[in-house]
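Q: Residue strings, one per chain:
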Amino acid sequence: AQSVTQLGSHVSVSEGALVLLRCNYSSSVPPYLFWYVQYPNQGLQLLLKYTTGATLVKGINGFEAEFKKSETSFHLTKPSAHMSDAAEYFCAVSAQSSGDKLTFGTGTRLAVRP
Amino acid sequence: EAQVTQNPRYLITVTGKKLTVTCSQNMNHEYMSWYRQDPGLGLRQIYYSMNVEVTDKGDVPEGYKVSRKEKRNFPLILESPSPNQTSLYFCASSPLGNTYEQYFGPGTRLTVT
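Protein chains in written order, with our numbering: chain W, 222 to 335; chain X, 134 to 246.
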């Protein structure tokens with residue numbers, strides 16, 4: 222079974238500041254890891270994913286995340302926050318097998334202050 | 134345009150009145166799924182379908198039904214809605230070999246009074 226824990230249900234940063242959203246996972250098998258973003262009144266969209274290979278993955282809108290097996294973490298970062306980054310972010314995990322479901326974290330709402 | 138559509142987007146109903154939320158995708162995806170989103174709980178899977186006529190329970194199936202008679206459609210049925218089913222519902226789809234990379238619909242906000 223897989224699970225993810227997102228630390229901090231709300232994060233607030235100033236425009237231009239570093240964004241760091243934390244995600245730790247638990248998985249009995251090698252995981253696939255994902256970050257999804259939900260803008261206000263919209264469905265979720267995939268921001269980035271780790272499946273195999275390079276542990277630092279880059280996504281859309283300048284976001285990146287690093288898979289750290291020793292720390293069971295997959296934190297999301299962006300060097301400089303923009304007002305348009307305000308949204309809810311979900312970390313998710315899946316087993317490395319076709320047809321396995323996504324298990325989502327409880328979400329982190331990011332606010333960006335002018 | 135590749136998309137997942139849901140209808141209605143907003144629905145207010147009363148306890149016990151049967152309702153159906155439709156979901157349709159135009160990407161020829163085999164896999165479709167329903168989630169509910171509640172504050173502090175994230176997204177929880179209700180039901181999913183690997184292909185036509187193949188459906189299975191997710192984590193929170195009680196009080197819901199689904200059917201998959203056509204590849205593109207995956208309606209969610211609440212036979213007798215109750216207030217604890219007030220939630221934001223999302224439909225999603227993906228290719229069968231890539232079920233972790235799902236395309237989500239815009240959501241249906243359901244209120245049961």
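Hints listed in this document are in silico derivations from the structure and should not be mistaken for laboratory results. Here a beta-carbon is modelled for each residue, glycine too, at the ideal position from N, C-alpha and C. Be aware that one or more of the hints could be misleading.
Unchecked claim - Lysine-lysine pairs mimicking BS3-like chemistry, simulated, CA-CA at most 30 Å apart:
1. X:Lys204 to W:Lys322
2. W:Lys322 to X:Lys151
3. X:Lys151 to X:Lys202
4. W:Lys289 to X:Lys151
5. X:Lys151 to X:Lys190
6. W:Lys270 to W:Lys322
7. W:Lys270 to X:Lys150
8. W:Lys322 to X:Lys202
9. W:Lys290 to W:Lys270
10. W:Lys270 to X:Lys151
11. X:Lys190 to W:Lys322
12. W:Lys289 to W:Lys270
What the hints assert, rightly or not - Here are the simulated distance ranges between beta carbons:
13. W:Gly237 to X:Lys150: 36 to 42 Å
14. X:Leu221 to W:Ile281: 33 to 39 Å
15. X:Lys190 to W:Met304: 37 to 43 Å
Q: Sort out which numbered hints this structure fails and list those numbers smallest first.
A: 4, 7, 10, 13, 14
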